[in-house]
Amino acid sequence: MFTLTAIVEYIVVALAAALLYALCTRRLLGALQQGGYEGRAYARWTHRKGNMVYSRYILLAFLIALASLVFGICFTFAGDWAAYIALVPIPGFVAVYCVSERRALKVPLRCTRRAGRISALNALLLFIVCFALVLAANAAAFYAGAEIVAHLRYLPLAVVPILLPVLLRLAAALERPYATARNRKYVAAAREKLASAPCKKIGITGSFGKTSVKNFLAALLSERYTVVATPASYNTPVGIAKAAEGADLSAADFFLAEMGARRAGDIEELASLVAPDHCILTGVCPQHVETFGSVEAVLAEKAKLLSGTKAGGFAAVGMDENTRGLDLAALPLQCIRVGEGEAFGARNIRLSAEGAEFELMLGGEGTEVRTRLLGRHSVHDLALAAAMAHCLGIPREEIVRGIAQMGYVPHRLQPIESGGVTVLDDAYNANVEGAACALEVLRLFAGRKFAVTPGIVELGILEERENRLLGERLAGLDGVVLVGETLVLPVKEGYLAAGGDPEKLHILPTLEKAQALLAEVLQDGDTVLFLNDLPDIYS
Numbered sequence: 010m011f012t013l014t015a016i017v018e019y020i021v022v023a024l025a026a027a028l029l030y031a032l033c034t035r036r037l038l039g040a041l042q043q044g045g046y047e048g049r050a051y052a053r054w055t056h057r058k059g060n061m062v063y064s065r066y067i068l069l070a071f072l073i074a075l076a077s078l079v080f081g082i083c084f085t086f087a088g089d090w091a092a093y094i095a096l097v098p099i100p101g102f103v104a105v106y107c108v109s110e111r112r113a114l115k116v117p118l119r120c121t122r123r124a125g126r127i128s129a130l131n132a133l134l135l136f137i138v139c140f141a142l143v144l145a146a147n148a149a150a151f152y153a154g155a156e157i158v159a160h161l162r163y164l165p166l167a168v169v170p171i172l173l174p175v176l177l178r179l180a181a182a183l184e185r186p187y188a189t190a191r192n193r194k195y196v197a198a199a200r201e202k203l204a205s206a207p208c209k210k211i212g213i214t215g216s217f218g219k220t221s222v223k224n225f226l227a228a229l230l231s232e233r234y235t236v237v238a239t240p241a242s243y244n245t246p247v248g249i250a251k252a253a254e255g256a257d258l259s260a261a262d263f264f265l266a267e268m269g270a271r272r273a274g275d276i277e278e279l280a281s282l283v284a285p286d287h288c289i290l291t292g293v294c295p296q297h298v299e300t301f302g303s304v305e306a307v308l309a310e311k312a313k314l315l316s317g318t319k320a321g322g323f324a325a326v327g328m329d330e331n332t333r334g335l336d337l338a339a340l341p342l343q344c345i346r347v348g349e350g351e352a353f354g355a356r357n358i359r360l361s362a363e364g365a366e367f368e369l370m371l372g373g374e375g376t377e378v379r380t381r382l383l384g385r386h387s388v389h390d391l392a393l394a395a396a397m398a399h400c401l402g403i404p405r406e407e408i409v410r411g412i413a414q415m416g417y418v419p420h421r422l423q424p425i426e427s428g429g430v431t432v433l434d435d436a437y438n439a440n441v442e443g444a445a446c447a448l449e450v451l452r453l454f455a456g457r458k459f460a461v462t463p464g465i466v467e468l469g470i471l472e473e474r475e476n477r478l479l480g481e482r483l484a485g486l487d488g489v490v491l492v493g494e495t496l497v498l499p500v501k502e503g504y505l506a507a508g509g510d511p512e513k514l515h516i517l518p519t520l521e522k523a524q525a526l527l528a529e530v531l532q533d534g535d536t537v538l539f540l541n542d543l544p545d546i547y548s
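Adding 9 to a residue's 1-based position in the sequence shown gives its number in this note's numbering.
Derived from the structure by calculation, the hints contain no laboratory data.
Please note: incorrect hints may appear among the correct ones.
[Stated by the list, open to error] With a Cα cut of at most 20 Å, we get these calculated PhoX-like pairs of lysine-lysine:
hint, residue 1, residue 2
1, Lys-202, Lys-251
2, Lys-194, Lys-251
3, Lys-319, Lys-209
Assemble the whole structure, with the sequences as input and the hints as a guide.
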């Protein structure tokens, strides 16, 4: 049993099985990555109702076990080779599983160094488990002395698929200390670079509109200045550090940093990293109540950007029912309230399917403005960007001209013409305010109107209530498609309670099936809104 030849055999078999099973964890690793490599978010996804992760792995384990059992018994005439022949189902069923999962991720796995490290640790853990099973099974066969047991001594390897979700989470936990230490050094280097850079830094946070306001402000300032802005939704310490590392800040006039927050302390950390000279708080809604616990806690965290901004700087604050209670007068900043009825903001908003017209207020003086951007929330975001640009010295005429020329932000109520059908791509919208505005815009279009949505997440105890309200807003449309298993039940209940037609409501498991349904029913002149295309971690 413990001869050199036998030990080499155990190692080879265990290593081969580990590498094969590691191929089956690509979707798991993608979901882990989308959750920020956080074990709790990943565990919620694997145990979410309707998620077939464990069911698929149990089926894979059962099929391998059954096939290996049959092969081992049927090939007993082959003598010692029967045990090796019984291993054939493992690569066969692994290949079938990998083919079936090849398009399972809506958000592709990014092959980062961290993902590579976790994959390597996962493979190592799989090898250890496989080697332990191989060693135990061979010991059992050796001491049992029965020929049939020897032929089936690798059968225990069939149970490994059931352990894959747990082993990947363990691999992520083992890698986390290294990643934390490495990221700390990376962020510290970025902090030094930002501190020594002569450019003015502007921090932008809020429950909604951060990316849009950042893009709008960058466009307005770029008329006169050199601007560096964090790309896409890079709003974490590592994301901002990456943006700073790759930019020539010595030649920039402004650095715009989008700042996201999922837990208490996030904004304080980001403000410490950037040390903003000016800041923008777009507004606060129930988004991220899931992790903060209450809207008040969300507001308290977002407001830390105000206290983390250098004294004397400008602070543009979007006025809503939550931010109106902030004591802005007590701050050592030049605070600008932005909203209807304020000296800065938008008044007399007129929305249409072609854009919006409104009166832009800058320092109490109004100017008529037109934009191709859709929705009331786009006007709100433009007003915030315009207010900050005005305070930073951009003339009113340039601001008005810039707003008129402003292009769409990708995936944020972006209209796309496709075969006579207008597609409103609002895939990145994930908050209640934006959802209400998007549906308001949808109803402005002529022809039949359809909406596709999986619901809204990260609302904590408010999730069911807000998704019922979303369902109520969907009533009256010509077609409603709810996607996935996450939050479709409260959306459906709200839709039906508001008098929605059950025959116009469809619930489908995937976005692909929703698109196939729409391809059959959509006609020229129709409009379809894709609202909040959730990543895999929430699906």
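Evaluation of the provided hints:
For the hint pairing Lys-202 with Lys-251, the CA-to-CA distance comes to about 11 Å; that is within 20 Å, so the pair holds. Simply put, Lys-194 and Lys-251 have alpha-carbon atoms about 12 Å apart, close enough for the 20 Å limit, and the pair holds. With a C-alpha separation of about 11 Å, the suggested pair Lys-319 and Lys-209 falls inside the 20 Å cut-off, and the hint holds.
Hint violations for this structure: none, all hints satisfied.
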